[in-house]
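Starting from the structure of chain A, add chain B where the hints point.
Going down the list, the protein sequences come from chains A and B.
When we follow full-length UniProt numbering, the leftmost residue of the first sequence carries the number 1, and every step to the right adds one.
When we follow full-length UniProt numbering, the leftmost residue of the second sequence carries the number 1, and every step to the right adds one.
By construction, these hints were calculated from the structure, which means they are not laboratory data.
Treat the hints with care, as some may be off.
A pair counts as met if it fits within one copy or between any two copies, since identical chains are not told apart.
Listed below are the simulated SDA-like cross-link pairs for lysine to any residue, each with C-alpha atoms no more than 20 Å apart in a straight line [to be verified]:
id : residue 1 : residue 2
1  : Lys200    : Arg277
2  : Lys66     : Lys180
3  : Lys91     : Ile210
4  : Lys335    : Arg119
5  : Lys66     : Thr179
6  : Lys285    : Met139
7  : Lys301    : Met203
8  : Lys285    : Gly208
9  : Lys141    : Asp111
10 : Lys66     : Gly250
11 : Lys173    : Gly208
Number of protein chains: 2
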Amino acid sequence: MAAASAVTMTTKARGRAARNGGSEIAKKQRESIHSPSILGTNYLSILGTNYLSILGTNYLSPLGAKVHLLSKPPGEAFTLKDVEKGLAEHKPTLLFITHGESSSGVVQPLDGFGELCHRYNCLLLVDSVASIGGAPLYMDKQGIDILYSGSQKVLNAPPGTAPISFSEAATKKIFSRKTKPPSLYVDMSWLSNYWGCDGKPRMYHHTGPITNFFTLREGLAILAEQGLENSWNMHRENTLRLHKGLEALGLKLFVKDPALRLPTVTTISVPEGYEWRDIITYLMKNHSIEITGGLGPSSGKVLRIGLMGYNSTKTNVDRVLDALRDALKHCPRSKM
Amino acid sequence: MAAASAVTMTTKARGRAARNGGSEIAKKQRESIHSPSILGTNYLSILGTNYLSILGTNYLSPLGAKVHLLSKPPGEAFTLKDVEKGLAEHKPTLLFITHGESSSGVVQPLDGFGELCHRYNCLLLVDSVASIGGAPLYMDKQGIDILYSGSQKVLNAPPGTAPISFSEAATKKIFSRKTKPPSLYVDMSWLSNYWGCDGKPRMYHHTGPITNFFTLREGLAILAEQGLENSWNMHRENTLRLHKGLEALGLKLFVKDPALRLPTVTTISVPEGYEWRDIITYLMKNHSIEITGGLGPSSGKVLRIGLMGYNSTKTNVDRVLDALRDALKHCPRSKM
Numbered sequence: 001m002a003a004a005s006a007v008t009m010t011t012k013a014r015g016r017a018a019r020n021g022g023s024e025i026a027k028k029q030r031e032s033i034h035s036p037s038i039l040g041t042n043y044l045s046i047l048g049t050n051y052l053s054i055l056g057t058n059y060l061s062p063l064g065a066k067v068h069l070l071s072k073p074p075g076e077a078f079t080l081k082d083v084e085k086g087l088a089e090h091k092p093t094l095l096f097i098t099h100g101e102s103s104s105g106v107v108q109p110l111d112g113f114g115e116l117c118h119r120y121n122c123l124l125l126v127d128s129v130a131s132i133g134g135a136p137l138y139m140d141k142q143g144i145d146i147l148y149s150g151s152q153k154v155l156n157a158p159p160g161t162a163p164i165s166f167s168e169a170a171t172k173k174i175f176s177r178k179t180k181p182p183s184l185y186v187d188m189s190w191l192s193n194y195w196g197c198d199g200k201p202r203m204y205h206h207t208g209p210i211t212n213f214f215t216l217r218e219g220l221a222i223l224a225e226q227g228l229e230n231s232w233n234m235h236r237e238n239t240l241r242l243h244k245g246l247e248a249l250g251l252k253l254f255v256k257d258p259a260l261r262l263p264t265v266t267t268i269s270v271p272e273g274y275e276w277r278d279i280i281t282y283l284m285k286n287h288s289i290e291i292t293g294g295l296g297p298s299s300g301k302v303l304r305i306g307l308m309g310y311n312s313t314k315t316n317v318d319r320v321l322d323a324l325r326d327a328l329k330h331c332p333r334s335k336m
Numbered sequence: 001m002a003a004a005s006a007v008t009m010t011t012k013a014r015g016r017a018a019r020n021g022g023s024e025i026a027k028k029q030r031e032s033i034h035s036p037s038i039l040g041t042n043y044l045s046i047l048g049t050n051y052l053s054i055l056g057t058n059y060l061s062p063l064g065a066k067v068h069l070l071s072k073p074p075g076e077a078f079t080l081k082d083v084e085k086g087l088a089e090h091k092p093t094l095l096f097i098t099h100g101e102s103s104s105g106v107v108q109p110l111d112g113f114g115e116l117c118h119r120y121n122c123l124l125l126v127d128s129v130a131s132i133g134g135a136p137l138y139m140d141k142q143g144i145d146i147l148y149s150g151s152q153k154v155l156n157a158p159p160g161t162a163p164i165s166f167s168e169a170a171t172k173k174i175f176s177r178k179t180k181p182p183s184l185y186v187d188m189s190w191l192s193n194y195w196g197c198d199g200k201p202r203m204y205h206h207t208g209p210i211t212n213f214f215t216l217r218e219g220l221a222i223l224a225e226q227g228l229e230n231s232w233n234m235h236r237e238n239t240l241r242l243h244k245g246l247e248a249l250g251l252k253l254f255v256k257d258p259a260l261r262l263p264t265v266t267t268i269s270v271p272e273g274y275e276w277r278d279i280i281t282y283l284m285k286n287h288s289i290e291i292t293g294g295l296g297p298s299s300g301k302v303l304r305i306g307l308m309g310y311n312s313t314k315t316n317v318d319r320v321l322d323a324l325r326d327a328l329k330h331c332p333r334s335k336m
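Chain A extracted, bound-state conformation (with noise of 0.2 Å):
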């Protein structure tokens, strides 16, 4: 769920829906995630959505699809260990795993995670929505298959595009699939001859969000000219500068382990007698700022606040700690 926890933080809309829905998005998240990783034996059904466990229990199931969840309490990160478990037990085409698990605040380790999918005859597919520009992140060197993640975020454009890339393995499974894929706005094969990676003259697929794609190449343009690792550089040293003052205020981190701690969402632990609503609702009111609640496993246990791309500030830093402290003081608190 990281986009879905990530895009709370990043659009007032989503913060509305998250104030007004919060309890039944939580439930909804309660029936349907089972954690950030899926072992799956379909592997076109989820490309193109962050859905994953929803995809997997409620909509690739009827397709056909076998899903296996594996779990781990939110806050922690899958080893090596955990996932070849899983690979071992359930020998699946597709592993799914959330590299920016921003509904804990975790970013979950990969070195070594492709090599171990591929060994097991299984590709990897990792979801960086909340990650990608803002942590380090190889997709060769850490044998991903498939990467995607979302413009609204580090990348700093409006919402509306999805950057994916395909190894040379996913690409030959996709192009060698003998059944059409169950929509056509997922069927990938017609899209990249859409956007030409087949080398075959191009055919109209659906009319692109052109200025979307505009907005997009400008925001990959700054990251290129800021420089990828200045800008991994620049949300760690903000997320730390986040973390110290949070930690000031005597609230605790979520993630105890510093090294799996996200640097663009970072989770605080509910501080004791406070309704969590209550704080994010006084930040909005009074402090025009949007922060958000957990999701899923993390649900009512957690606070969230993103720092991504140009968010990433030590201003920005300065002023949501000036307003936790407001609010700490100013929401009620029950004494028991």
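Quick look at chain B alone, frame taken from chain A:
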């Protein structure tokens, strides 16, 4: 294929695709398009797309839908009689028909279609991508159950959003369906909640392209200021001016019945001795004007000129007429 055809006239990228892949598009269309009207038993899988015929032949069928195609020669429209025959024979759940059939340049009369469909316990789905705002259309009066369009034609907004509206009957059907739709993207009950249409607290479904929503809103505001009837008249008058000019150039309008000529997209029979591709290439190269060829049944038979929204002006009419005069003078012409 209204969207497909109109699109190649409204974005250079699509135009390039048409020029590079024109013959392949034609081939694909010949394989997949039988007519602009489709009778289907699956009422959800086709929402939000204009690729009805392709969905029908390649995508809906594997999902268990029976799709029956009604045929008419390109340039003609369906009569109530044509449709009643199909309804009686196939007893479909849904009738799909395109209002602005831009591949042939026909505006499909719709009076009485809803009443007829409902008499046969069938819902009416209308594609108005190339017509909404540019030609008279009455969702309630004509008994249309599902009406969708695109932002990027007469509505003058960038591509990326597709307004869609449902009648009470369609809504009831969607909310009472027992099975999950095959794709998360077109889960209309979830989308209706996401848009706050079901009175329940809103839940995250996807990251909305908010920038596009604002542009669509502004496009609609401009249309509302102008007045719907004034916009209809503007499109009609400019297209009539174009028709007169084309006939003055000795060109033949493809749609014989003036009452069936679409006020947004004009089709001309490819002038004898000319290769259609030479003419559209000449116009783009020498006049930076993009017109396109046919699609599907009209492929190779017509040239198509789109005058939609802010493009529908006397100046543009005269500009394209001058450009065509120039093209007819300089494009190669076989003497046989």
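For each hint, the structure was consulted:
1. In this assembly of identical chains, the alpha carbons of Lys200 and Arg277 lie at most 20 Å apart only when taken from different copies (18 Å versus 53 Å within one copy).
2. Proximity of Lys66 to Lys180 under the C-alpha cut-off of 20 Å is found in both arrangements, the shortest distances being 18 Å within a copy and 16 Å between copies.
3. Taking the shortest alpha-carbon separations for Lys91 and Ile210, neither the intra-copy value of 40 Å nor the inter-copy value of 41 Å comes in at or below 20 Å.
4. For the homomeric pair Lys335 and Arg119, neither the shortest alpha-carbon distance inside one copy (55 Å) nor that between copies (66 Å) is at most 20 Å.
5. For the identical chains of this complex, Lys66 and Thr179 are neighbours both inside a copy (17 Å) and across copies (18 Å), given an alpha-carbon limit of 20 Å.
6. When the C-alpha separation of Lys285 and Met139 is checked against a cutoff of 20 Å, the pair qualifies neither within a copy, at 41 Å, nor between copies, at 41 Å.
7. When the C-alpha separation of Lys301 and Met203 is checked against a cutoff of 20 Å, the pair qualifies only between copies, where the shortest distance is 19 Å, while the shortest distance within a copy is 48 Å.
8. In this assembly of identical chains, the alpha carbons of Lys285 and Gly208 never lie at most 20 Å apart, being 37 Å within a copy and 23 Å across copies at closest.
9. When the C-alpha separation of Lys141 and Asp111 is checked against a cutoff of 20 Å, the pair qualifies only within one copy, where the shortest distance is 8 Å, while the shortest distance between copies is 62 Å.
10. In this assembly of identical chains, the alpha carbons of Lys66 and Gly250 never lie at most 20 Å apart, being 45 Å within a copy and 63 Å across copies at closest.
11. Taking CA atoms no more than 20 Å apart as the test, Lys173 paired with Gly208 passes in neither setting, with 25 Å inside one copy and 31 Å between copies.
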